[in-house]
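A.B. asks: Working from the sequences, and respecting the hints, build out all of it.
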Amino acid sequence: MNMTTRCLSKILACCVLLLVCCMPATAGIPGDTDGDTNISADELATAILGYLGGTGALTAEELSLAAHNHLHQPYGQLVAAVLGETYLIPSTSYIDQKGVPADSLIHEGLVTKLRPQDDGSGGYLGWLAERWEMSDDAMSWTFYLVKNATWHDGTPFTSADVQFTYEYFRDHGDADAPAGSFLVNSAILSNVASVECPDPYTVVFRMKSCAPLFPETLATGPGIGVFPAHIWKDIDLPSTYVDSKQIGIGPFAYTSTIPGTLSKVTAYEGYHGEQPYVREIVIRNYEDEDAAILALRRGDIDFISGEFGLSPRKAEALKGAPGIGITQIPSGGQAFEVAFTSDFYPANITAFRRALSHAVNRERVCWLVGDGARPTETAFLLPALAGDQINPATNGRFSYDIEEAKRQLVAAGFNLTEANGRPVLLDPDGNRVEISIPLAGKASTNAVDQKIVAVLKEDWEGKLGIRIVETPQVDDSIYLDWIARTAVHFDGMPGRWHEDIDRLDNFQRSPLGENYYHFDNETFNRLITELKSTADPAERKEIGFRLQEILVEEVPCIPVFSQDAFMAYRSDRFVGWDAPLLGGGGNIRLFAEIRPANAEVGLRA
Amino acid sequence: MNGIYLLKRLATSFAAFCIAVTIMFALLRLMPGDYITMYLESIYRYAPPDVVETFNRVYGLDRPILEQYFTYLLDAFRGNWGYSFIYKVPVLTVIGEKLVWTLIILLPATILATLAGIGIGAYSGWRRGSKADVGLLNGMIFIRAIPSYWLALMILIIFAYYLNLFPLGGYVDTSALATGIDPFDVANHAVLPILTLFLFSVTGTYYLMRNSMLMTAGEDYITTARAKGLDELTILRKHALKNAMLPMVTLITLECAGMITGSIFVETIFSWPGLGMLTYKALAARDLPLLQGILLIDTLFVIAANIAADLIYPLVDPRVQVGDDA
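Those protein sequence lines, which keep their order, are chains A and B.
Heads up, the final residue of the first sequence is numbered 605 in this note's numbering, and it's a clean run with no missing numbers.
Heads up, the final residue of the second sequence is numbered 1326 in this note's numbering, and it's a clean run with no missing numbers.
Be careful, since some hints might not be right.
[As the list claims (entries may be wrong)] For the chain B half of the interface with chain A, some residues (derived, Cβ under 8 angstroms), not all of them:
1. 1048
2. 1055
3. 1157
4. 1174
[Unchecked claim] Straight-line distance between alpha carbons at most 27 angstroms, and here's what the computed DSS-like set of lysine-lysine pairs gives:
5. A:457 - A:442
6. B:1281 - A:314
7. A:314 - A:451
8. A:147 - A:245
9. A:451 - A:319
10. A:442 - B:1281
[What the hints assert, rightly or not] Coverage of chain A stretches by chain B, computed from C-beta distances (three or more under 8 angstroms per stretch; other residues unrestricted):
11. 128-138
12. 169-178
13. 239-249
14. 281-292
15. 475-489
The hints are simulated quantities; they were obtained by calculation from the structure and are not laboratory data.
Using N, Cα and C, we set each Cβ at its ideal position, and we do this for glycine too.
C.D. replies: Okay, structure coming up:
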């Protein structure tokens, strides 16, 4: 090796060393020697002695951080980006907003829902309810409330607040309500007949009909937040009331807002549950995801929030960036499917739908979509979320097999011919099979529908001879009209809509009208009605299995893939993200578990 | 100009306003979709008919269309523009908030773009064919050809992210939550949006001024002025510029009116809470009261701009007279 090469090598090594030293790595909490993110008494004592003796590695600010951690006192400020203004704390009444309590740091409901885990854990987490019981016939639910909760103005929380909340919704869902007092989401509690309070910390919901999953109604978006009777009893026009104080009962209390851009909440000292480790949360609005990502990279913000987190490609680009962590939540995003309008030709032919269920190349779609796309071959329910509710006999019934698709089409009376060297599919009457596929709605997120169309064209046009006439991009407001007059469309509902057998009522033709698939199966409809009035878990599971069997036979839709959700955060400033993000249960639980790891965040507050 | 003309002008403007409001009312109701159905379907995947019916009844949307129209018209003149379905506050309150922030970036951008466009365009037209003219013309063509969204993003990435000279979005720093809004902080946040809007707008003004100057420069009186021995700068200032400015008056007044609509691209990239994004959200959600309010404001501004143009013309060119029989 000559002199020049040796010099260059040395320079390169120095540069690498310098780069490594300058790169902010994933942080540990100062003073945390065993890496468990808890500063024990011994660790704190060691840090203090070292600081006093001048031999310690911690600065005064870092020592303060360590002490706060040990004493479980809130410390520092976290800046979270929300995409879209509607996620900021509204200056209007929150009670009619979507997603309380899951999207709120100020307000709580009785329970929240956790994500199902591989070990079978999950279920519901009590917030204002410590525990709850269902009657044998699921016609009543008893919630035992926490006894030490207070509203942010110090007023004690009792069962009367829960009863008031229910009655307020009931009274303000009145058809003759004046403008400003009508609550759109008053229908949430429509199945509740009455609410009783046998004592200040017990509340009993009497239901109009069997409600084995009543906590689900209370927990998932839109959830029901409990709000203070002593404030809201005097408010006649909730929809137009400007709530400037935002008195809630959650771990954070409202502090201030700069309209349209910033809001701040501060840890509430009287919170009944586990104190958060973070003292202040500042929520900053970004209208553009790219701007939010730049802000995260630069350190202006610490966390990017949102219903489905970041888009997969952008999350992929962030992986490995210094000081930034990514949590990938299995099936936490949307679940996409090819849906049929079951009363529109040729989708009204069951054998046609069944044949096409073998003509969706999920692997190829997932390759186009990118990281976090999981092929789905179960009947509607997602394996990562539904667990043992999935009927194992229905697994793999939608396997990609073009030859099988051809065979089934021919068996159904279709004729696969050729014209000008290209396949042409003729129906039993000898007409060319042509379909249109409108693009809109939730399946258009990140242009997923366009990717699915591109793959379908390869197989449906290229191999099966089905002509896709047009794929018009339509406005969401007329999407339902388009669905009604086209055979095929796409759907991209949130993953949580695929986590429970009760969600199979998506396919029920109810007295309320058509479902998205125009699917009307008598046996299916009857089983759904039976499911809703069955409380026994074993019987419910059995009904769920039968429902799934009908779905794989009738194929009102072909599941394609589910998308993971990606959450990005500053791993050099806060630690402990993965567990609460993967556990679910809403933002409140998140901020009770993540801990400051950099004294810089204390200088902000 | 006399008072009678002014009265006539106001009367015709009032009529134009009423016609515009009527057309707007009809067009908004011809749009497919409605707020409550779309909102409920996004949550429940279906819209319970009883909830839709109740909502429509509570907000008067089930009344006869003519009754809705006259109620809306009377309320508009009384200053009662209804409540926004999305924000659930009075429409005027929402618009007022956003209008302020829109004007903070659009007013300076429009003024700067107008002044710069006129100055550069006049110079470019006066020096037609010179290296400066060719350079400026090609530069403006280049800027004009860049997609506005991409331009805004590049400005953000270069000046805010890589050079770290400006904030990455919003209109205040987080410290404002404790200390209140600081005008210098707002100004710091406004620089990049203003720069972006300036670049969008200056090209149009430049082209028009350049073309106007080209036509003026070829006039006989310019040749006469040169023959009289006047220097080029004097000819430009005292003869050419004033005459070339006439078409700009209309442009400037209409640009001032148009600026309140905001720029959705700039507001999105820089997370600036303006009227552009508000209009888009109101449209997407079919928030009729809010849309009506925004379009009302737009209509008022355009009408006022047209009246202003009429009033300014005689001041710029005394030969132009409005309202007289001569």
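A.B. asks: Which numbered hints turn out to be false for this structure?
C.D. replies: 11
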